[in-house]
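Protein chains: 2
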Amino acid sequence: MSAKILSQTYGKRAEHFDNVAAKDLLLTMERKKSNLCVSVDVTHSQHFLDVIDAVGPYACLIKTHIDIIEDFEPSLITRLQDLSTKHDFMIFEDRKFADIGNTATLQYSKGVHKIASWAHVTNAHSVAGPWIIPALASVGLQLGRGLLMLAEMSSKGSLATGSYTEATVRMAREHRDFVIGFIAQRRMEGVGLNASSDIVPPEDEDFLVLTPGLQLDVTGDHLGQQYRTPKEVVLEAGCDVIIVGRGIYGKSEHIDVQSTASLAEKYREAGWSAYEERLKKYSSES
Amino acid sequence: MSAKILSQTYGKRAEHFDNVAAKDLLLTMERKKSNLCVSVDVTHSQHFLDVIDAVGPYACLIKTHIDIIEDFEPSLITRLQDLSTKHDFMIFEDRKFADIGNTATLQYSKGVHKIASWAHVTNAHSVAGPWIIPALASVGLQLGRGLLMLAEMSSKGSLATGSYTEATVRMAREHRDFVIGFIAQRRMEGVGLNASSDIVPPEDEDFLVLTPGLQLDVTGDHLGQQYRTPKEVVLEAGCDVIIVGRGIYGKSEHIDVQSTASLAEKYREAGWSAYEERLKKYSSES
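Line by line, the protein sequences are chains A and B. Okay, so the first sequence: first residue is 775 according to this note's numbering, each after it adds one. Okay, so the second sequence: first residue is 775 according to this note's numbering, each after it adds one.
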């Protein structure tokens, strides 16, 4: 891991990015003292908004699956945006685009969900090949959006490992205007560099790393998800943003506002402490 | 390639499958003398229905991207189903699920699109790992649905090659009740078998292979798609269903019904001739 990157504050690192969404996200993190992204995987609008309103004060980023919301109406986006302003967080639609270029462009910009029009950040798989990045950028760049590539996944038996991960990082490196970082389990600077690499990255190459699969107490679920703690993810693995879902708002269809807010604050605190410890550790090393 | 499979009619091969959607699809192909799947990648409901009504008589399968339709209403599904009955074709939502199990389950069953409730067939990437299959099966199997795994892609630079493709086929082989075949460029029987394989497939292992990236005349588009002819795909590579999109209904926002129907018939005829030639070739070999 690059001590040079890890010794720097999120705010300082905003200077490494030309992409508007990346800069905004890093500055939001610094301002709110939060590297917590809350993944809001619920299926009804009011539940969705209630969770976001409860966790909003503690999150730098809200991750959505807009396509699972049963009673979606365009007005939901306005209400989501109002909460984004009220609580000062950014929005990440976890769409995992994974189609050929032309289709991905349409999926990003069209349909009832019109993701590009409201999601500051979205993500894509690299499996379809590098063309998916310019395809999405053709819509997103002019709107100030940023893209995360899925370099690794937290699910058991994922094929996003080894040479797949390396190829993903090489694709990202060729599109630094739009790709701001990765969904991954560790830092990605320098990954995938080899003799045949066309691109030599700058010495201070900096990708944001957002990491799912966290719990304060570590267990697993029956559909193959594996979990780590905030300290393991931020301090030991050097990741930047922790993504937490049901661990914060529970499995019920109704939200317990107080417990949800209190757990969000716990995760924020755990993630931020791990980051402060990391700054200290790498500052003394560099 | 297995001469045993390729010497058999689609109708005969229906006996190899327990999955309802696979059986239905093969019998539809036989009945309609069509191995043509038309990919309807348009963004407005009326255009969508007009294209389907024009190509319906020639297609065994209509492939949709329901998430790009701007004016989607639940009633569109009823109208799509009416056309499916009128013209005797099945429906394949090309969703390319690619998330962890729990999320994929929700994306398949919930949201405004409720894909599982109407799409006879859908597809998934293997990148998230094998858990995506039982996750989707937990919703789809009881509805008589079938799943295609993306083993290969037609886009340039796709990472679905080599060991990725092999791992995908192994995942499919472990879930033959739900996985009916592949999106691929060639036949997949026997692929990925190695000393460590837990599962020994039957001698007459049979997967459906659906293949995109076709044109009657071969060229390429600027977003990295590569094309082959129906003869190359069905006769030479042994694939079962050809997937054709804009090559049939053109790039305009409005449909020329006569030209669209005529091109669909041309592709149906080209695909079916290649299949008949294949039957002849492999019957004499086996």
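Keep in mind that a hint or two might mislead.
Pairs involving identical chains hold if they fit within one copy or between any two copies, as the list cannot separate such chains.
[What the hints assert, rightly or not] Subject to a maximum C-alpha distance of 16 Å in a straight line, what follows is the list of computed EDC-like cross-link-like pairs (lysine to aspartate or glutamate):
hint	residue 1	residue 2
1	1025	940
2	807	844
3	807	847
4	806	1039
5	786	798
6	884	815
7	797	844
Simulated from the structure, these hints should not be mistaken for laboratory data. Note that the structure is predicted; figures quoted are calculated from it, not measured.
Right, here's what the structure says about each hint:
Proximity of residue 1025 and residue 940 under a CA criterion of 16 Å is satisfied in neither setting, with 36 Å inside one chain copy and 36 Å between copies. In the homo-oligomer, the alpha carbons of residue 807 and residue 844 never lie at most 16 Å apart, since the shortest distance is 33 Å inside one protomer and 39 Å across protomers. In this assembly of identical chains, the alpha carbons of residue 807 and residue 847 never lie at most 16 Å apart, being 33 Å within a copy and 42 Å across copies at closest. In this assembly of identical chains, residue 806 and residue 1039 lie within 16 Å of each other by CA distance solely inside one copy; the values are 12 Å within and 61 Å between copies.
For a Cα distance limit of 16 Å, the shortest separation of residue 786 from residue 798 inside one copy, 12 Å, qualifies, whereas the shortest one across copies, 60 Å, does not. With identical chains, the CA atoms of residue 884 and residue 815 are at most 16 Å apart between copies only, with a shortest distance of 11 Å across copies and 22 Å within one. Proximity of residue 797 and residue 844 under a CA criterion of 16 Å is satisfied in neither setting, with 33 Å inside one chain copy and 31 Å between copies.
The structure is inconsistent with the numbered hints 1, 2, 3, 7, although it conforms to all the rest.
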